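Participant: Chains as they are written, first to last, in the numbering used here: chain A, 1246 to 1571; chain H, 205 to 459.
In case anyone wonders, no lab produced these hints; they're calculated from the structure.
Just so we're clear, the structure is a prediction, and the values are computed from it rather than from any experiment.
Note that beta-carbon positions come from the ideal geometry of N, C-alpha and C, so glycine has one too.
Certain hints may be false.
[Unchecked claim] Straight-line distance between alpha carbons at most 30 Å, and here's what the computed DSSO-like set of lysine-lysine pairs gives:
#1 Lys307(H) - Lys440(H)
#2 Lys338(H) - Lys1470(A)
#3 Lys1451(A) - Lys307(H)
#4 Lys1470(A) - Lys346(H)
#5 Lys1451(A) - Lys1470(A)
#6 Lys301(H) - Lys1451(A)
#7 Lys338(H) - Lys1451(A)
#8 Lys307(H) - Lys325(H)
#9 Lys457(H) - Lys1451(A)
#10 Lys431(H) - Lys237(H)
#11 Lys346(H) - Lys325(H)
#12 Lys431(H) - Lys448(H)
#13 Lys338(H) - Lys307(H)
#14 Lys1470(A) - Lys301(H)
#15 Lys346(H) - Lys322(H)
#16 Lys1470(A) - Lys322(H)
#17 Lys1265(A) - Lys1385(A)
#18 Lys346(H) - Lys301(H)
#19 Lys1451(A) - Lys322(H)
#20 Lys448(H) - Lys237(H)
#21 Lys301(H) - Lys237(H)
#22 Lys307(H) - Lys322(H)
#23 Lys431(H) - Lys457(H)
#24 Lys307(H) - Lys346(H)
#25 Lys325(H) - Lys1470(A)
#26 Lys307(H) - Lys1470(A)
#27 Lys322(H) - Lys237(H)
#28 Lys1385(A) - Lys1451(A)
#29 Lys1451(A) - Lys440(H)
[Unchecked claim] Here are a few chain A residues that face chain H, going by a calculated C-beta distance under 8 Å:
#30 Leu1384
#31 Leu1453
#32 Asp1455
#33 Gly1456
#34 Gly1462
#35 Thr1463
#36 Pro1474
#37 Ala1475
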Amino acid sequence: MSQPVAVPDPTKIALESRAKSLLNRPRRRLAATRFSEIGIYVALICCGLFSLLITVSIIGVLLTETTRFFQFDEVTLSNFLGSAEWTPNLGEPKSFGIWGLISGTLLVTGIAMAFALPLGLVTAIYLSEYAPRQIRNFLKPILEVLAGIPTVVYGFFALMTITPFLQWVHEGFNVYNAMSAGLAVGILCFPTVCSLAEDALQSVPKTLRDGALGLGGTRFDATVKVILPAALSGIISAFLLAVARAIGETMIVALAAGSRPQATLDPRNEIQTMTGFMVQMAGGDVSNFGTEYFSMYAVAFTLFLITLALTMMGNVVRGRFRETYE
Amino acid sequence: MANQSTNAIEASNLNAWYGDFQALNSISLQIPKNEVTAFIGPSGCGKSTLLRWFNRMNDTIHSASATGDLRLGDIDLLSSATDVVDLRRRVGIVFQKANPFPKSIFENVAFGPRLHMKLNKTELQDLVEWALRKAAVWEEVKDRLNAPALGLSGGQQQRLCIARAIATGPEILLMDEPCSALDPASTLAIEDLMDELRSQYTIVIVTHNMQQASRCSDKTAFFFEGKVIEFNSTEKIFTTPNAKQTEDYVRGKFG
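So that you can see chain H by itself, here it is in the shape it has in the complex (with noise of 0.2 Å):
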C-alpha cells in the first residue's frame, strides 16, 4: 500500500441494533492509531455498543446487529467471514468488572498466549513478566504468580486483566468503563498506564468520568441517542465545543 492510513478502525455510516432498538445511527469517525480516543455521553447512548463492534463482542448477543461500513487495516469488520478469533487477538478489551479467571495469576496471563501461541515454558514466562510490567502490576504480584487472582484488591484485578489483555500482542486496547468500580488511587494507576501504553497500542475508552476523558485521552467523541454529535480534539470537546448539547454535557448540565 502506497499511503499508510493513520487511522486504525473506520467506521462509515454505521448503523447498529439491538432487535428492533437502533442503538448506533448512521455513526462515521475514524479511531487514529497510536492515540487515546474517549467515548463519552450519557449512559444508553451508544458508546459500548460502538465499543464491542470493534472486536466483535456483540456476537454474544443474539439480537445484535449491524449494517454500513467498519473496518480495521483491510479487515471488514461487520463481515460475518471475518476471522473473530484472529481480530479479538489483535483487538483486545478490558471490561467494566474485573473479570479475572479463578485461577492464578500467572495462569490468568498466559491464558491468551497459550491459546495462540506455542511457547515454551521460559518463553511463556518471560512474556507473562513482560505483560505483567506493561500493566504495572509486576512490583505487586511478583513474589505469588501462583496465588489466586481473586485475591488481589479491585484495582489489581483490573491492571491484572489489561496485563491478560497485552499478552495476546493486540494492536488495539479497548476499555469498557475500567475505572468505573475502582477507587481513586486505582484509577490513577490505570490512567498512568494508559499513558505508558498510549505510545504503542491504539487505545479507545468508554467513560463517565469527564476528568478522566480530559485527562487521559487525545481525541474525544461525544455520543447522545445512538449518534456521534462532536468528534474532536479532547482539549476543543472540552474547553470550546462546536455544539450545544456537548458543552451542556461536558459542563455537567445533564446525563
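So that you can see chain A by itself, here it is in the shape it has in the complex (with noise of 0.2 Å):
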C-alpha cells in the first residue's frame, strides 16, 4: 500500500540522521567484554563454592563432635543404634539409645503428614481444577500468610488451644502429648503441600484437560486419570518436601510435645524428638562438654543423615514417576 512517489517528511529526516549518528557511537570493546565475563564467572564460581564450603564445614563438625562422644567410656554404637532408652540427663547408668527420640520424630511426622498430606491435596485439586478463579486469586494469598507464621506461634497455639481441646475431647491426654504438636506441624505443613502440589498441577498442560473432556470425560474424570497422574512426581516433591520440614520442625515440638523421650505409639503421651532434645541441650541447662552435651551432635548427625536419605529418596521417586509431556 506504499505510495508511488514519497513526500520528504521533515521529522522523518531528523530521525533517519539520528539513528546514523547514534549507530556510529563507539560499540563495547570485546577485551573489556571478556573481561568482566571472566569476572562474573569467578564471582559466580565463589557463590557456589561458598555453599559447598557451608555444607562442608557443618558436617565437619558434626562427624567431629559425634566421634568424641562416641570415645566416652559410658557410650556405646551397640547402645546408641540397639535401645530406645535415651535417659542422658538422669543418674547412672545412662543410656543413649536414638530409638527413643527417633520414634518421637516419627510418631509427630507421622501424625503431622496423616493431616498435611490429604487435607493440602485435595485442597490443591479443588483450588487447581475446581475454584473460580476469583476464590483461588482470594485463598492463595491466605494460604502464603499461614506459611509465614513464625512457628514459635504454633507452638503455643498448640499448647494453649489444641491440648486443651484434645483434653476436652479425651481425658486421657497428657498437657504434652505427641497429638497436639503433630497437629500444629501439620497445620504448619499444610500450606507448603498445598502450594507446591497446586503449582504442580498448573503446571500440566491445558491441552491435556481438553483431550480428557473431549472425550467425554467429567471434570473429575479428567483430574483423577489424567491430571493427577501427569503431575505425579511434583506432587511427590511436595510430599517429601513437607515430610522434611516436619522431621526438622523444633519449636513447635518443644514447646507441646514435652521432654520425655520413650518409644511410644500412643499420641496421648509425652514423648520428645530429636530436634526437641537438641533445644533442650543447646538451651544450656546441662553441663556443658559432659556426654549428654556431645549427645547432641550425635543425634544431629542422625537427623542429618535421615533427611539426607529422604532426599535421595526423593530424587530416585521423581526419577522413576517422571512423566514429561510436550
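Reconstruct the complex from the two isolated chains, following the hints.
Facilitator: The following block contains the structure:
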C-alpha cells in the first residue's frame, strides 16, 4: 500500500540522521567484554563454592563432635543404635538409645503428614481444577500468609488451644503430647503441600485437560485420570518437602510435645523428638562438655542422615515417576 | 420421525461472545451428514469458535457465551441441561496440537472406552486395535502398544489422537487444524485417513491450508469476521465463488 511518490517528511529525515549518528557511537570493545565475563564467571564460582564450603564445614563439625561423643566410656555404638532408652540426664547408668528420640520424631511426623498430605492435596485439587478464579486468587495469598507465621506461634497455639481441646475431647491426653504437636506441625506443613501441589497441577498443559474433556470425561475424570498422574512427580516432591520440614521442625515440638523420650505409638503421651532434645541441650540447662552435651551432635548427625536419605529417595522416586509432556 | 434429516448439525442465527467480544455473528448453516465440511478463513474469524460450540468445548472458557439455535438432531447444543459428557462422546474432537496423555499408546486409546463402557480385557483390546487400524497407525505401533505415546512422532501422535477419538464411537469428528503442526508426509497420511473415514463419520475440519480444504472436503464454509460469507460445495467455492471476498481469499489475495 505504499505511495508511488514519497513526500519527504521532515521529522522522518531528522530521525533518520539521528539514528545514523547513534549507530556510529563507539561499540564496547571485545577485550572489555571478555574481561567482565571472566569477572562474572569467577564471582559465580565463588558463590557456588561458598555454599559448598558451608555444607562441608557443618558436616565436618557434626562428624568430629560425634566422634568425640563415641569416645566417652559410658557410650557404646550398640547402645546407641540398639536401644530405645534415651536417658542422658538421669543418674547412672546413662543410656543413649537413639530410637527413643527417633520414635518421637516419627510419631509427630506421622501425625502431621496424616493431616497435611491428604488435606493439602485435596485443597490443591480444588484450587487448581474446581475453584473459580476469584476464589483461587483470594485463597492462595491466605495460604501463603499461613506459611509465614513464625513456628513459635504454632507452638503456643498447640499448647494453649489444641491441647486443651484434645483434653476436653478425651481425658487421657497429657499436658505435653505427641498429638497436639503433630497437628500443629501438620497445620504448618499444610500450606507447603497445598501450594507446591497446586503449582504441579497447574503446570499440566491445558491441552491435556481439553483432551480428557473432549473424550467425554467429567472434570473429575480429567483430574483423577489425567492431571494427577501427569503431575505426580511434582506432587511427590511436595510431599517429601513437607516430610523433611516436619522432621526438622523444632519450636512446636519443643513447646508442645514435652521432654520425655520414650518409644511409644500412643499419641496421648509426652514424647521427645530429636530436634526437641537438641533444643533442650543447646538451651544450656545442662553442664557443658559432658557426655549429654556431646550426645546432641550424635543426634544431629542422625537427623542429618535421615533427611539426606529422604532427599535421595525423593530424587529416585521423582525420576521414576517423571512423566514428561510435550 | 418421518423424514430422516440429512444434516448432522444445524445452526441458525447463532451468535457467540467471549466476554464483550462478539466472535460469531448470526451464523446459519447446516453440516451435512457423512460428508467432510471444511471451515476456512483468516485467523480470528470464528471458525474454531463455532467448532468448539459443536461439542461444548467452550464450556471450559469462562467468558464464552452464545445465543441463537444450534442443534444436533434433537439435542439443543446451547441448553445448559444438555448432557455434555454424552454429547462429547458422540461428537469427538481432534485438536491443533497432538495431545496424547502421558500414558502408553494402548491406554491413550482405551481412555474413552474405559470412561463410557464396561468392557472385558479382550473386548477392550479388540476395540483399541480397531480404532488404531481405522486411524491408520496400527502397523506402526502394534509391537509397542505399552510404550509411552509421547515417544511417537508428531504425525503418529496426531493419528493416535484420532484413534482415541474414534474409540468412543462418535458420529461426528471435529478437527481443529489437525495438520498445522505436521510435516507434508504426515499431513498426507491424515488426509488419506479423512478420505477413509468420510463414509462413516461426519467430519468438520478447520484448516488454514487452502489445498487441504480443496483436496479433502465436500463442502466449504468461508468465514470472515465472525460471519459465514459463503457456504457451498467445495468445488464451487474454489472455482466460481459467489462472493468477491471468498474469491480473494481462496486465490491468496489476503489472509
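Participant: If a hint holds in the structure, say so; if it does not, say that too.
Facilitator: How the hints compare with the structure:
Distance restraint check for Lys307(H) and Lys440(H): the Cα-Cα separation of roughly 44 Å exceeds the 30 Å cut-off, and the hinted pair is therefore not satisfied. Only pairs whose Cα atoms come within 30 Å are accepted, and Lys338(H) paired with Lys1470(A) is accepted, the gap being roughly 25 Å. At roughly 16 Å between alpha-carbon atoms, Lys1451(A) and Lys307(H) fall within 30 Å of each other, so this suggested pair holds. Taking the CA atoms of Lys1470(A) and Lys346(H), the gap is about 24 Å. The hint holds against a cut of 30 Å.
Distance check on the hinted pair: Lys1451(A) and Lys1470(A) sit about 14 Å apart at the alpha-carbon level, within 30 Å; holds. This hinted pair checks out: Lys301(H) and Lys1451(A) have alpha carbons roughly 11 Å apart, not beyond 30 Å. This hinted pair checks out: Lys338(H) and Lys1451(A) have alpha carbons roughly 27 Å apart, not beyond 30 Å. Between the alpha carbons of Lys307(H) and Lys325(H) the distance comes to roughly 18 Å, so the proposed pair stays at or under 30 Å and holds.
At most 30 Å may separate the alpha-carbon atoms for a hinted pair to count; Lys457(H) and Lys1451(A) exceed this at roughly 35 Å. Between the alpha carbons of Lys431(H) and Lys237(H) the distance comes to roughly 22 Å, so the proposed pair stays at or under 30 Å and holds. For the hint pairing Lys346(H) with Lys325(H), the CA-to-CA distance comes to about 17 Å; that is within 30 Å, so the pair holds. Straight-line distance between C-alpha atoms of Lys431(H) and Lys448(H) comes to about 15 Å, which keeps the hinted pair within the 30 Å bound.
Proposed proximity of Lys338(H) and Lys307(H) is supported: the alpha carbons are some 21 Å apart, at most 30 Å. Note on Lys1470(A) and Lys301(H): the hinted pairing holds, with a Cα-Cα distance of about 20 Å set against a maximum of 30 Å. Using a Cα cut-off of 30 Å, the hinted pair Lys346(H) and Lys322(H) holds, with the two alpha carbons roughly 23 Å apart. Distance hint between Lys1470(A) and Lys322(H) is fulfilled; the C-alpha atoms sit about 17 Å from each other, no more than 30 Å.
For the suggested pair Lys1265(A) and Lys1385(A), the alpha carbons sit about 52 Å apart, so the restraint of at most 30 Å is broken. Note on Lys346(H) and Lys301(H): the hinted pairing holds, with a Cα-Cα distance of about 23 Å set against a maximum of 30 Å. Only pairs whose Cα atoms come within 30 Å are accepted, and Lys1451(A) paired with Lys322(H) is accepted, the gap being roughly 28 Å. For the suggested pair Lys448(H) and Lys237(H), the alpha carbons sit about 28 Å apart, so the restraint of at most 30 Å is met.
Simply put, Lys301(H) and Lys237(H) have alpha-carbon atoms about 26 Å apart, close enough for the 30 Å limit, and the pair holds. Under the criterion of a C-alpha separation no larger than 30 Å, the hint pairing Lys307(H) with Lys322(H) is consistent with the structure, at around 20 Å. Among the hinted pairs, Lys431(H) with Lys457(H) is consistent with the structure: their alpha-carbon atoms are about 19 Å apart, no more than 30 Å. Between the alpha carbons of Lys307(H) and Lys346(H) the distance comes to roughly 16 Å, so the proposed pair stays at or under 30 Å and holds.
For the hint pairing Lys325(H) with Lys1470(A), the CA-to-CA distance comes to about 19 Å; that is within 30 Å, so the pair holds. In summary, the hint linking Lys307(H) to Lys1470(A) is supported, as the alpha carbons are separated by about 10 Å, within the 30 Å threshold. At most 30 Å may separate the alpha-carbon atoms for a hinted pair to count; Lys322(H) and Lys237(H) meet this at roughly 29 Å. Annotation: proposed proximity of Lys1385(A) to Lys1451(A) holds, straight-line Cα distance about 20 Å (limit 30 Å).
Restraint check for Lys1451(A) and Lys440(H): not satisfied, since their Cα atoms lie roughly 38 Å apart, outside the 30 Å limit. Below 8 Å, beta-carbon pairs count as interface contacts, and Leu1384(A) has none with chain H, the closest being about 17 Å; its hint is therefore violated. Taking 8 Å as the C-beta contact cut-off toward chain H, the hint placing Leu1453(A) at the interface holds, the least distance being around 6 Å. Because the beta carbon of Asp1455(A) sits about 6 Å from the nearest beta carbon in chain H, less than 8 Å, this interface hint is met.
Taking 8 Å as the C-beta cut-off, the interface hint given for Gly1456(A) holds, the closest approach to chain H being about 4 Å. Against a cut-off of 8 Å between C-beta atoms, the interface hint on Gly1462(A) holds, since the closest Cβ of chain H lies about 6 Å away. For Thr1463(A), the suggested interface contact is upheld, since its CB lies about 6 Å from the closest CB of chain H, less than 8 Å. Checking Pro1474(A) against chain H by beta carbon gives a least distance of about 7 Å; that is within 8 Å, so the hint holds.
At a threshold of 8 Å, the smallest CB-CB gap from Ala1475(A) to chain H is about 5 Å, leaving the interface hint in force.
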